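J.: Sequences and hints are given; from them, build the entire structure.
Okay, here's what each chain looks like letter by letter:
Protein chains: 2
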Amino acid sequence: MAKRAGARSAVLDSPPALIASASTVGAKEGEGPLGKYFGSVSEDSYFGEQTWEKAESRMIESTLAQLYKNSRLTPKDIDLAFAGDLLNQCTASSFGLRNSGIPYFGVYGACSTMAESLALAAMSVESGFAGCALAVTSSHFSTAERQFRMPLEYGGQRPPTAQWTVTGCGAFILSEGEGPRITSVTPGVITDAGIKDANNMGAAMAPAAYETLRTHFSDLGRTPSYYDLILTGDLGAVGSEILRDLMRKDGTELGDKYADCGLLIFDREKQDVHSGGSGCGCSASVLAGYIMDGIKTGRWKKVLFAATGALLSPLSTMQGESVPSICCAVSIEV
Amino acid sequence: MAKRAGARSAVLDSPPALIASASTVGAKEGEGPLGKYFGSVSEDSYFGEQTWEKAESRMIESTLAQLYKNSRLTPKDIDLAFAGDLLNQCTASSFGLRNSGIPYFGVYGACSTMAESLALAAMSVESGFAGCALAVTSSHFSTAERQFRMPLEYGGQRPPTAQWTVTGCGAFILSEGEGPRITSVTPGVITDAGIKDANNMGAAMAPAAYETLRTHFSDLGRTPSYYDLILTGDLGAVGSEILRDLMRKDGTELGDKYADCGLLIFDREKQDVHSGGSGCGCSASVLAGYIMDGIKTGRWKKVLFAATGALLSPLSTMQGESVPSICCAVSIEV
Numbered sequence: 096m097a098k099r100a101g102a103r104s105a106v107l108d109s110p111p112a113l114i115a116s117a118s119t120v121g122a123k124e125g126e127g128p129l130g131k132y133f134g135s136v137s138e139d140s141y142f143g144e145q146t147w148e149k150a151e152s153r154m155i156e157s158t159l160a161q162l163y164k165n166s167r168l169t170p171k172d173i174d175l176a177f178a179g180d181l182l183n184q185c186t187a188s189s190f191g192l193r194n195s196g197i198p199y200f201g202v203y204g205a206c207s208t209m210a211e212s213l214a215l216a217a218m219s220v221e222s223g224f225a226g227c228a229l230a231v232t233s234s235h236f237s238t239a240e241r242q243f244r245m246p247l248e249y250g251g252q253r254p255p256t257a258q259w260t261v262t263g264c265g266a267f268i269l270s271e272g273e274g275p276r277i278t279s280v281t282p283g284v285i286t287d288a289g290i291k292d293a294n295n296m297g298a299a300m301a302p303a304a305y306e307t308l309r310t311h312f313s314d315l316g317r318t319p320s321y322y323d324l325i326l327t328g329d330l331g332a333v334g335s336e337i338l339r340d341l342m343r344k345d346g347t348e349l350g351d352k353y354a355d356c357g358l359l360i361f362d363r364e365k366q367d368v369h370s371g372g373s374g375c376g377c378s379a380s381v382l383a384g385y386i387m388d389g390i391k392t393g394r395w396k397k398v399l400f401a402a403t404g405a406l407l408s409p410l411s412t413m414q415g416e417s418v419p420s421i422c423c424a425v426s427i428e429v
Numbered sequence: 096m097a098k099r100a101g102a103r104s105a106v107l108d109s110p111p112a113l114i115a116s117a118s119t120v121g122a123k124e125g126e127g128p129l130g131k132y133f134g135s136v137s138e139d140s141y142f143g144e145q146t147w148e149k150a151e152s153r154m155i156e157s158t159l160a161q162l163y164k165n166s167r168l169t170p171k172d173i174d175l176a177f178a179g180d181l182l183n184q185c186t187a188s189s190f191g192l193r194n195s196g197i198p199y200f201g202v203y204g205a206c207s208t209m210a211e212s213l214a215l216a217a218m219s220v221e222s223g224f225a226g227c228a229l230a231v232t233s234s235h236f237s238t239a240e241r242q243f244r245m246p247l248e249y250g251g252q253r254p255p256t257a258q259w260t261v262t263g264c265g266a267f268i269l270s271e272g273e274g275p276r277i278t279s280v281t282p283g284v285i286t287d288a289g290i291k292d293a294n295n296m297g298a299a300m301a302p303a304a305y306e307t308l309r310t311h312f313s314d315l316g317r318t319p320s321y322y323d324l325i326l327t328g329d330l331g332a333v334g335s336e337i338l339r340d341l342m343r344k345d346g347t348e349l350g351d352k353y354a355d356c357g358l359l360i361f362d363r364e365k366q367d368v369h370s371g372g373s374g375c376g377c378s379a380s381v382l383a384g385y386i387m388d389g390i391k392t393g394r395w396k397k398v399l400f401a402a403t404g405a406l407l408s409p410l411s412t413m414q415g416e417s418v419p420s421i422c423c424a425v426s427i428e429v
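Keeping their order, the protein sequence lines are chains F and D.
Residue numbering for the first sequence follows the working numbering, beginning at 96 and increasing consecutively.
Residue numbering for the second sequence follows the working numbering, beginning at 96 and increasing consecutively.
What the hints contain is simulated information worked out from the structure, not anything from laboratory work.
It does not matter which identical chain is used: a pair holds within one copy or between any two.
Below, computed lysine to aspartate or glutamate pairings styled on EDC-like, alpha-carbon distance capped at 20 Å:
1. K171 with D314
2. K365 with E138
3. K171 with E306
4. K171 with D287
Being a predicted model, the structure only gives us computed values, none of them experimental.
T.: Right under this line is the structure:
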């Protein structure tokens, strides 16, 4: 039974464990500072397929194959999957899990989808709804770029605030077994700071991250000092600085406990990614690769994973709308 | 605590109640056989807005206003919202709930989204994650038509197997209070019958409905006779007949206990909707309007709500893919 703590967060009495994880990224992500932490790096952005959309689904399938191997489980052992991605109608996930036979709930929280998936998977295991649950999310630079921005062939210039969609996939299996545990969940509320520039999603998402972090600390009576690492999804350079500022105005210094997946995954000086990485696969692959490694090796014992998402569409931007954003946080503890 | 029954279904020990419901539809749906059962009928397909996408979000907002009135609750009383729609990046929901301040989980199951939302909302209440949860889904004929098919001005011909996307929204509040209860959940697996005609989604979705119904009956040791009403989402005329056939081959006659929201909502003889209605708002508004009325007035005591969704996108169809489908079932009992 999860108990509601304060206004919004839930503390899990029988916290489910992340018993296995897997990650796949593309070549550019493999060349970045975290390259060696990913389960697999594909040199082929098509993953052997004819289109990038099919490639993204194939990347999910190969990440799941890795996950089954790591966990010594088969799809039949998994009671429930929570999956999502950035493609219209979330087809990377539906096609990626089409042949798995795993009961499926599609979720959409833009780049916050991995935190949402982990939150719901944890809830399903703790409540006995599922013995074993899967959380998997993905993104692909080339599918996202042509869907949200321009055809790649167009070679459009990107402003300095823009982020680079990560080609990557991260997946976790949750159950009552051994491993770091999801001990609490703080779901996000939609926050709209009025930003209308779809090339500055860090600025749009930072207030959502601030709102969720503030609520999390308040609900649980914690300060950042409780955690070894506070990790946002993909605010990038612009959004991270805004988040630090917003917290500072509240009297909270995030300091060097704070990191952002979008900043960790690329070397901004060498890799021409402007403000950093983004996409459902960014925080998912960083968490499943780099962070899980750091938890296993004892570098971090208490991690707050606060993934952020911009809940816009190209059409909402064309219709003059601002960018509603959200941040869902889950605490992961050894 | 939910107990897993059989291979996939969960039976809820403390089944949450649907303590309030609300529905809004467009003019055409208001003129259909169920017109008088909807909470509100809008003669204006723009709902006072300048674009159909903004109209769909406005329809959600007005349905929620109706829901708050019906339940005597305010947004502050609601701990968690599960919401989804058909628009790219689910923006009808994210913009529709942008100002609500309700903690938000976006979900995507195409036209099965209401069943998914109810399943997750029930899980969240039963597990103590939320005291009070909201499930809301919508669709709009004009947003769907131009996104999935052709500009409305084009006036394209539709084949007889095509369905008419319902302009509608349905919403429920779940809590421990009084009302019909969600007593069990059978999540769906993705089923792909190889149908490549995106204008024949009934045929694509029927095997998914069959798979989930068969699993539900088997897991819970029930036959159709247990229920007063077995309701699929929107298989339409073509899909409903295929479902009946598939069940018959299994030795199960659905008979007159079976109905389909896509067939109920329109008069196919008079309303030119070809195979029937569809969309996230179809089963949502029919359930929140007509079915809730029938439960309240004692017409039905045990209803199996099995909403179906086609997990395709226009791009997946253009790339030659078949239509993966899913069906999630929840039983609602007095």
